[in-house]
Amino acid sequence: MRPHRRTPLGTRVPAPWVRTRLRVAPGVAVGLALLVAVTAFLAAVCPRVVDRAEDAGLRRAVADAEARRTTVQVAAPQLNPGFSPERREAALRPGTLRRQYAAVLGEVRRPLAADRAQSSYGVRTATPLAVPDAGLARPDNVPPRVVLAAQNDLAGHARPRSGRLPRATGTVTATTRAVEAAVTTETAEHLRIEVGSVIHVPGADRAPLAVRVTGILAPRQPEGAYWEAQPLLRSPSLVRDGNSPAAPTYWLGALLLPPQAAPAMLGTSGNPVRYWQVAPDTTRTPAHALPELRSAVATLESGPGHGRIRDAVDPDAVTETDLDTVLDDYEDLRSRIAPLVSVAALGTGAVALVVLLMAGGLAADRRRAELGLLRARGASLPGLAGRLLAETAVVAVPAGALGLAAALWAVPHGRSAYAVAAAGTVTLLACLALPVRAAARHRTAHLHTGREDVVSARPSRRRTVAELTLLVLAAGAVEALRRRGTSEGAGTRGDALVSLAPVLVAVIAALVLVRLHPLPLRLLTRATDRLRGAVVSLALARTSRASVSAVLPLLALLTALTTAAFGGSVTSGIGAARDHAALLTTGADARVESTSGLRAGAAERVRGVPGVEEVTTAALTLEAKPHDGPESVPLAAVSPDAYARLADRVHLGAFPARTLTAATTTPDGSARPDGSSGSGRSSGSGRSSGPGRSSGPDGSSGSGGSAGPDGASRSGGSAGSGAAPLPALASSAVAHRYGTAPFPVRLADGAHVTVRIALVRESTPAVTGTEFLVVDRSGLPSAATHPTTLLVTGSDLDAAALRRAAGGSPGVTVRAQERAAYAHSPLQTGAEHLYTAAVAAGAGYALLALLLALVRAAPERVALLARLRTMGLTRAQGRRLLILESLPQALLAAAGGTLTGWAAVRLLSPGIDLTTLALATPGAAGVGHLRTDPVSLLLPALAVLLLTVAVAAVQAWVTGRRGSVRELRVGERT
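So the sequence shown is numbered by this note's numbering: it starts at 2 and just counts up by one.
Wrong hints could be hidden among the right ones.
[Claimed, not checked] So the derived label-pair ranges between C-beta atoms look like this:
| no. | residue 1 | residue 2 | range |
| --- | --- | --- | --- |
| 1 | D312 | R483 | 53 to 63 Å |
| 2 | A497 | L520 | 51 to 61 Å |
| 3 | S381 | L520 | 34 to 44 Å |
No lab work stands behind these hints: they were computed from the structure. A quick note: this is a predicted structure, and the numbers were derived from the prediction, not measured. Quick reminder that beta carbons are idealized off the backbone N, C-alpha and C, glycines included.
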C-alpha cells in the first residue's frame, strides 16, 4: 500500500480540465452528446438502408422474372445414332446425368449461387408426339400431343393426389414396350387423364410405347423453378395448329416418367434431349456485387465456364439463360434511381454538417471571453485547441459510438464499412468544430474587441471570395441538373455536385439573407422610434446588437427548411404521378368493362354496391375506321351530360356537355332552331349515298371527308344527304391526322357515321391511350350503343362486389389498387421512404438549430430581463420583450426558408424526373414531375415561429418565477 502524500502548504493543485468543464456545463455536454448520437445514427443508418433496398430490389427483380428466364439451362442432344445402343442408353441413365449435374454445379462461381432445392436435371422429348387414344380431350377434334419427361427427384417436389409415383421395373432400354408415368392435376383435368389410363406414344420404326398413368400429382411448390423452368411439366397448353386465327386447337401436355425409364424415349420419334437446370439463389447476393454476378453468369453462358461444361457434359452442349438480361434491367432501374437517392442523402448530410458546425461556432462564441482570457494569460494556441478537443472528444466519441451501435442494431442488413465511416466522420467533425473555430478566432491574444454586431460588422474580403466561389458552384450545379437531369445517370452513381444543387441554392440564399439582414432591422428601428413605450425599441436594439455569430442559425435554418421543402415536393410529386397514372388507366375510381358487352341492367346493379356514388356508361369499340381505311381509332359512345360531369369530377379532359350533344348541330355547323335531333349516321348497306357536303367550324367545305394537316381534302364515304355530322371529342393525335372537317367513320357492324371534331383533349376517362374519339350515343345505331364500360365513382370500392353486381366475367380495375401496384419495387419504396425521412430530418434540424441559438442566448436574455425588472419592467412587458427580440430572426428565417424552398423547386424541376420513382410498372401511363408541396413548405416554417414564441414565453415565465436576485449576483455564469 502506497503511503499517502500530503500536499505542502502553498502548492497549487491544478484541476483536471475535462472533468471541470463537464461539471460546470453538464447541460451543454448532454446536448452535444444527443446531437452527435442522433447525427451519427442517421449517417450510419442511411447507407445500410440504401443497401437493404437495393438488395431487396435485386431479389424482387429475379423473383418477378419467370423461372425459365432466370434459370441457367444446359441442354445437350442425344448421342449420334452411330454409337452403340448401350452407349446411347447409358448417356440417359440417372447415374451419368447425376455426375454431369455435379460438374455443372461445380462451375457456378460466387457471387452466383445455385438453389439446389429447385435445380434439376433429366431427359425430355423435344418434339411433341400426337397420341390417338380415345377419351382424351379434343377441343377441335384434333388429338392431343404429349412430351415425355424424366426429371430427377419427382417425389421430393410433388405428392400423389391419387394413385402412386411411377416406377421402372427392370432395366429399361430403347426397345421397352411399356413404362409407367404420372401427370399433374392440371394436366389430368384438361386432357381427361385418369389413374390407370394407357397412352400410346408413337414409336420410331417400332410399335407405340404404352405409357400407363399410375398417379396424379400435386406440385409442392408450383411457383418454384423446378416446375416453372419448364412450365409444360406442370400445366398443359392449348395450342393452335397453324398460324391462321381460324386454325383448330389441341392440348399439349407432359407425361412424367421415372428417371430410370428415360432410355425408353430413344424408341420414339420425340428426339430426346438431356438437360441440366441451375436455379439461381439471390437471397444472399448483395446488390453491390452486381458486376461480379454478371461476370459469373457470362462465364457460364459463353466464357471459360461454358467450355469446361462442354468438356464434362457434351461437346455440343448449349447454355442459355436470360438472367443477364434481368440483371441488366435491374441495373438500369437502379442507375436511374441512384441520382435521386443521392440528392436526398447528400442534402440531409449537408444539413447535418451545417448544424454541427453551427453548434461548434455557437459554443466558441459563448466561451469567447473565457478563451480570450486564457490566451491573454499565456495559453498557447495548440495547447488551448488540444484541451478543447479533449473535452469535446470525451463527449462526442462515446455518443458517436452509441449512434453507430444503434444504427447497426436497427438495420442489421448492409455493409458495415460505410456505416462506420459515416459515423466516424460525424464524430470527427463534432470534435473538431469547437477547437478549429476557437483557434481561428483567437489566433492573436486580445481581451477587448470592437463592436461585432450584425448592423455594424462588415464582411471581410476572404468571406466575399468564399461566397462568390460558392455562388459559382451553385450556379454550375443548378445548370448541370437542369440540362442533364437525374435520368441520365445510367451506369453512374450520380454526380455529387449536381446532387448538392438544392443545398447549394439554400446556402447561397442564406448568405444573401445574412448580407441583407441589417437592412430590415434598420428600417424597423426607424419605424419604431416614435412608438410609445420602450419594449419594441429595446427588442429591436437587442436584435441589432447581436453578435455576427448569432446569424449562423440563419444558414442552418434556411438549409434545413429548403431540404425539407424539396423532399416534401419530391414525395408530393411521386404521389401525384401515381394518382394521375391510375386515373389514366381506370378513367374513374373504378372501371368495369367487357369487350363483348355488359349484361343488361349491369349499371343499375352496380349503382347499388356500397360505396358507389355515380355510374357512367360508355359503349367502346376499338374497330372504328375513319374513311373506311385500314387504321382503327377507339370510339366511345356516351351520354354527353353524364360524361361531362364525370370528366369534370375526375379532372380528366373536362368539356362543356352542349358541345358534344348531337342535337345542337346542323349540317352548316349552326344550332338547330327547332331543337330536333340530327343524326350523322347512315343505314342500309353500310355505304352512304349522296354528296353529304358539310362545312367545318372554320367554314371550309368538305366532300364527305376531311382536310388533312396539309390542307388537302380527304375523300371517303359520306353520311346521308342532309344529315348533320356528329360533334366529336378527339385526342390531339387524331385531330391532327383527320382535321376539323367532317369525315366518315365505319363502325364495327359496318354502319357509317359522319363526325366532326369539335373538341380536342389530351386524355378522356372512357379510353386509355393517346388516340380516341368520343361522340354522343344518340347519334349512333342502337347496335353500337350497347354498354361495354362502366365508369364508377365513389369511395372504398370492392372489385369483387363490382364484378358480382355486373354479372358474367367482366374486367374490373379499381383506381386505389392500380395506384398501389405502382409502388412495387423495393428500390422505389426505399427511395420514397428516404425522401420522407429527409423531410423529417430537415424539419428536425431546423428546429434543433433554432433551439441551439435560443439556448445560446438564454443566459444573456435572462440576465437582461432580471435587470430590467429591478427597473420596473412588468412580467407581461418582459414576455413581450423576449418574444419580440426573437421574432425578427425567426421571421426572416421562416420567410427566407419558404421562399428559398419554392425557388429551389421551381429552379430544379426541369431536371428532376420522378417517373422512375413513381411508376414501377413498365409502360405505365403518366409522367412524374416535381411540384411544390405546400405542407412541407409551410409547416416547418410555422413550427419555427411557434417554437420561437414558445421558448421565449417559457424563458420569461421561468425568470419571473426565480426572481431577480439570483441573476444579479456577482460572478454570475453566462
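Exercise for review: Check each numbered hint from earlier against the structure, then list the numbers of those it violates in ascending order.
Suggested key: The structure conflicts with hint 2 only, although it agrees with all the remaining ones.
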